[in-house]
Amino acid sequence: MKKAVSILLLISCFMSYTNCMTYAAAGKRNTVIKTGIKKDVKQEVPERKKYTPLVIEDEIADEVKEQSKNRKRTAQQPSVIEDEAVYTITKEEAVKKKKQKNYKKELIADEKVVLTEENKKFKRPLYTGKIKTENGLEVVLKPVSKIKTGSTSIKLKNKENTDNYKLALPEIGDQVAFRVVKNVEKDGKIIIPKNTIVYAQVGEVAPRAMGGAPAEITIENFKMMDKKGNLIPLDGKISSSGYSLSFWIGLAELATTPFLIGFAVPVLRLLPGGQAVITPRKNYVIYY
Amino acid sequence: MRLLRCLFILSIILLAITNCCYSYPLTQTIHPQQLIQQTGFRLLNANGYEKRITFYYSSKQEPFVKISNRNKRITVSKGIFSYLDNEEELAAVISLEIAKLIDVQDGVFRRVAIGYSPRKYEVKADKKAVDLMVNAGYNPVALINIMNKTADEQNWFEYNIFSHNGSERSAYIYNYIYNKYPLFIAKNDYFTDDEYQNFLRTTINDRKKTRLIKELKVKKQTDNSTK
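Taken in order, these protein sequences are the chains called D and Y. Count the first sequence with our numbering and you get residues 1 to 288, in order. Count the second sequence with our numbering and you get residues 1001 to 1227, in order.
Just so you know, these hints were derived from the structure itself, not from any lab. Predicted model, so just to flag it, every value in this text is computed and none were measured.
Think about it this way: if two alpha-carbon atoms lie no more than 20 Å apart in a straight line, the pair counts; the simulated EDC-like pairs of lysine to aspartate or glutamate are: (1) D/K155 to Y/D1206; (2) D/K227 to D/D187; (3) D/K155 to Y/E1215; (4) Y/K1209 to D/D110.
Working from the sequences, and respecting the hints, build out all of it.
Following this line, the structure appears as structure tokens:
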């Protein structure tokens, strides 16, 4: 037993010694590697030129010396400047300050919120951390009618005038109808028959802009009615963008610069891109 | 034996001291980077975004949040943290940049279009950021707060062709939230904040316009349903 204990003690001492040495080695920085530095080697250093500053004669120096000798030095007293803003606070003023009310925040009311029935049904999504890895069954759709982006002007009455405002169409939240093109089957059973109508909402509309930027539209929140009359949500979004003229505007600018010296640039940049369209001629896919 | 026992005790003490004094670099806290990655990946996963984006923390004091178009990377600086009150404002700042990168990753022609009309895609990215935040469980009104704190404000004679005013951007965001997610404004957690109150003071006409337009729209819908 004594031998075993002594061996254990020796091993622990050896481990502690090696631990200290490794930390000491890690703490060392800037280790210099010496490689055969020769001593007693004379280096040739060229002689530096001595710098001699230019001497500029001061013409007035002699006159100032004579004047300073003649001046009688008197004891300088500091000039007292009265500061009008400085005053001492009296006891009465200190008491008044304490009684003064602290700054109260006046809250401005926000605009009254107009809620539709669909807005009231909105539930704030909670983040669960679960990620969908599979999409589900494909549902092929076509819009019932053509959906196209555009713009209108609305007149709003102020106290004195009526102001015109531009609005992008379709507006956010507008309901849109789609029709199922093929039967959706699972295990030989038809879950969603052909020609069922699926309702959706317009999610976002980005109108077209100068510089050839196209309009964009996304449609989301797809829902359909079951045979029992229940609303079943469907996954997926449909997005569409118009044709982009930016690339061709860039090419046209490059091509016309040697002839028009860049005068075509401000004119070409005014051109907008195309409108976004969701046509019944095309099939769109979402998931069940 | 006594000698050996003493040596054993000394060795244990030395081991304890050396391990405490010389800590490995991995044990140091890297909280800002972890926080940025946590919020960034939460935004990406909640929205089911299929492409890769990475998030970096920069120790520079200058406040900025940048995107790298080539590397698809979002860099958040140390200086911006002094503007952030909570995680929702950090999520707002990151979601704005993710929305920009979504357009950048759409292809070459989209990138050219962004170069030729940056103002349009800036407004689009602001609206997309609202959707990203809502789907990840954050309050999108935090975007209005952070916009009011950090965005520039140019006059008409200081017109910047590449970006909107801060007040214009925050008005667009308010309009989008009011039309799509109005419950966040009806029950507003940020209503008493100084930044939001300042926003209310500076955008009275814009907010009135959004309410009037929505009232007209609701009137039309009710008229159509009665017919």
